[in-house]
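Enquirer: As given, the protein sequences belong to chains A and B, one line each in that order. The numbering of the first sequence is the working numbering, which starts it at 321 and goes up by one. The numbering of the second sequence is the working numbering, which starts it at 12 and goes up by one.
Misleading hints may appear alongside valid ones.
Under the rule of at most 30 Å between Cα atoms (straight-line distance), these lysine-lysine pairs were calculated in the DSS-like manner [stated by the list, open to error]:
(1) A:Lys338 / B:Lys107
(2) A:Lys662 / A:Lys585
(3) A:Lys382 / A:Lys505
(4) B:Lys351 / A:Lys585
(5) A:Lys566 / A:Lys585
(6) A:Lys631 / A:Lys387
(7) A:Lys338 / B:Lys182
(8) A:Lys505 / A:Lys625
(9) A:Lys505 / A:Lys612
(10) A:Lys338 / B:Lys111
(11) B:Lys111 / B:Lys101
(12) A:Lys625 / A:Lys382
Partial list, computed: chain A residues near chain B (C-beta under 10 Å) [stated by the list, open to error]:
(13) Arg341
(14) Met344
(15) Ile456
Just so you know, the hints here were simulated from the structure itself, not pulled from any lab data. All C-beta atoms, glycine included, are put in the ideal place defined by N, C-alpha and C.
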Amino acid sequence: MQETKFHTEEGEVFRGEKRMRLNMGPQHPSTHGVLQVILDLEGEVVVRCDPVPGYLHRGTEKLAEGKYYQQVIPLTDRLDYLSPFNNNLAYVFAVEKLLGIEDKIPDRGVWIRLILSELQRISSHLLWFGTHIMDIGAITPFLYAMRERELILDIFEMCCGARLTVSYARIGGLMGEPPPGFAEKVGEFVRVFPERHAEYMRLVTRNPIFMDRAVDVGVITPEDAIDMGLTGPSLRGSGVNYDIRKREPYLFYDQLDFDVPVGTKGDCYDRYLVRMEEMIQSCRLVEQALKKLPSSGPVKADDPKVMLPPKELVISQAEAMQRHFYQVIHGFPTPVGECYGKIEGSKGELGFYIISDGSSHPYRLKIRAPSFVNLQSLPLMTEGRMVSDVVTCIGTIDIVLGEVDR
Amino acid sequence: MFSSAQSLAFFDTAASANAKVNAPNEPFIWFLQTFITVFVIMNVVLVTMAYQTWAERKVIARMQFRYGPNRTGPMGLLQPIADAVKMLGKEFIVPKEADKYVFFVAPLVAFVPAVAAFAIVPWGDARDDGILGGWIRPVIANLDLGIIYILALSSVGVYGIVMAGYSSGNKYSMLGALRSAGQVVSYELTLGLSLMGVLIQAGSLNLNDIVVQQRATVWYFIPQFAGFVCYFISGIAETNRNPFDLPEAESELVAGFHLEYSGMSFGLFYLAEYINMNAIAVVAATLFFGGWAAPFPFLEFIPGPFWLFGKFAFFLFIYYWVRSTLPRFRYDQLMGLVWKIIFPIVLANLVITAIVKIIGIQAGWWA
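Same shape as in the complex, but just chain A (with noise of 0.2 Å):
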């Protein structure tokens, strides 16, 4: 990681050397994206492994500065775009904590957004199984996955229209109302998902050629993960028991029962069978919520200075309207400040740094980015074993790159 950072002359470095360079990436089917990985290999033994972030990078830190906090949100959505609602989440927690309305959210919109939260991270998952299992080298599972993902796409479709570039979360609250039949849709994919999720297992998780390419492959030790700042399953699965959902709970996670899944010997196959049961721990974590979640009542704060008023009033009442015109034209204005907003997302620890100056727009945004964090350890699970297992260890990490490039 130390050494060059750029790829040089192709055979340059090496002419004369039984080692080989190769460019796996930015434009190869397996590294999930535009990842490029420099390999070193003996034969088909990679010497020395170089990950080289960088090619999807649209600077949304920046990007961020120049607009109001409201306007963060959207941008929010391409980070992580297999879990754009958990972004959204993340970066509101940290606006609402800024402004101090964090506590002013009506239980039914907390209850919406841990249900959302909760089935963003089993799609999320879906796909990761997907794409691993795809990379390992078996095709089906990948479909049998996006069945189930679309149940959750079309839930989000439902309440905001979009699948993927949500924007559903509002500081403050959320977008709106979901629609009539929310609960029900939501009712029927919980009653569904576990018996596919056992379809899953069947068909994958005792495989023996499954077992052979996982276990004992991309080893972690829990001081390594540690040391390298891994969050989320991949810290998990080598056994370290930290979960911001049950350490700092947020949204009402202290009030319902579910299981944090933990690894014992760090390598790929117990980080398949955390995800693994953490998506049915998501969907038990979904079933609770739906049973408390209040059938009425309102989804945004009660707080004028940062909502906007609602649409009748602003057609029917001079006020409001000049409410809504301002807020939208320069913003609202926060107290000066940083604040640290943080979630348990579907990688890891996905969290929001804001640096307030007391304007409507973000003096100073950095986004922790869990996969970005979670690909240092790339180099340390690779280097030593074979070409096959580099595509393994990259799709055990589940990397985004939208949201390691920022």
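Please arrange chain B on chain A, whose structure you already have, making use of the hints.
Expert: This is chain B only, laid out in the frame that chain A set:
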């Protein structure tokens, strides 16, 4: 091994055996008949292969909750034709780094042996005249050396892959070729040895004789079950199909040895892969599942080609099924499988078959 005179004599006997059965007196008529037979059988093979790609896509699509091709013609039946037209219309790009002659020859080396394997497969009893009074015979060449011919051809096929990988001047292709060289050479060994049990049991290398024997006694997949399973696994590995598709592992080596090929030169590799698959399936059907023979005597009114085709389709289905189910091996695991598991099994199978046959002959119950 053989001196040239000996080996020539060998071929003479093979040819005379063939001639004894089939050849009419006039050489020209004999030539014409052979030509027509070749034409018909090769067209059947190639059309089968084209529609096999369609069938594979349909079957796998059904296993994956998809429709598969359904835009081109009814049920997508024109898809293979559309694919062929597309491939023929594309440019044949030779990379700057490529070794041009080797690069050009490699797809042919892969393709020709694959097709040639079908020359000796009997589609009916080779001792019959065939249909139209001998104008279309059930087999192109009723070689007495049958199995050795097949093994020889499958060994040649691997050169195509190695040449392609070497000449492309691409690192992924190179890795694919290296993997392929190791893999195919190892699995060829078990492929050959797993057939030896059948040879011992039948006492012949001639495919038609083996089928006739099976019809008289029992299909060999029952006594030779271990051999059959090992043969089929080795066959999947030999044809680089999932879960042994390491030389072209899409998620690791992008496309492996045929990464740099485009247009019809890619098409030839694609064809070769599928025809090799067909060859493995058809040999499995012939040697272990009674070839053109009907399972029960009362079903013999259905002609031999239909039986062979049915059995062959069954094996292809297993190919598709395996492909859509299993993940891929890693290179060291692949080698471990062949040398530590399959190789001892086929050796044991060979020795046990030989011992049983000797005892049987001594005791007099071996027919």
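Enquirer: Verify the proposed pairing of A:Lys505 with A:Lys625, using a straight-line Cα cut of 30 Å.
Expert: The given pair, whose Cα atoms are some 34 Å apart, is violated under the 30 Å limit.
Enquirer: With 10 Å as the cut and Cβ atoms as the points, is A:Met344 at the interface with chain B?
Expert: 9 Å, holds
Enquirer: Does the alpha-carbon distance linking B:Lys351 and A:Lys585 stay inside the 30 Å limit?
Expert: 27 Å, holds
Enquirer: Holds or violated: A:Lys566 and A:Lys585, Cα atoms, limit 30 Å.
Expert: Given pair A:Lys566, A:Lys585 holds - Cα atoms ~22 Å apart, limit 30 Å.
Enquirer: When you check the alpha-carbon spacing of A:Lys338 and B:Lys111, does it fall within 30 Å?
Expert: 25 Å, holds
Enquirer: Are A:Lys505 and A:Lys612 close enough, with their CA atoms no more than 30 Å apart?
Expert: It holds: about 16 Å lies between the C-alpha atoms, which stays within 30 Å.
Enquirer: Within 30 Å, alpha carbon to alpha carbon, are A:Lys625 and A:Lys382?
Expert: Since the Cα atoms of A:Lys625 and A:Lys382 sit roughly 26 Å apart, the hinted pair holds (cutoff 30 Å).
Enquirer: Taking only the CA atoms, is the gap from B:Lys111 to B:Lys101 under or equal to 30 Å?
Expert: Satisfied, since the Cα-Cα distance of roughly 18 Å is no more than 30 Å.
Enquirer: Has the given pair, A:Lys338 with B:Lys107, been kept, meaning a C-alpha gap of at most 30 Å?
Expert: Satisfied, since the Cα-Cα distance of roughly 23 Å is no more than 30 Å.
Enquirer: Classify the hint on A:Ile456 as holds or violated, based on whether any CB of chain B lies nearer than 10 Å to its CB.
Expert: 4 Å, holds
Enquirer: Quickly compare the C-alpha distance for A:Lys382 and A:Lys505 to 30 Å and report which way the hint goes.
Expert: 39 Å, violated
Enquirer: Grab the minimum C-beta distance from A:Arg341 to chain B and call the hint holds if it beats 10 Å, violated otherwise.
Expert: Nearest chain B Cβ about 8 Å off; hint holds.
The earlier numbered hints that this structure contradicts are 3 and 8.
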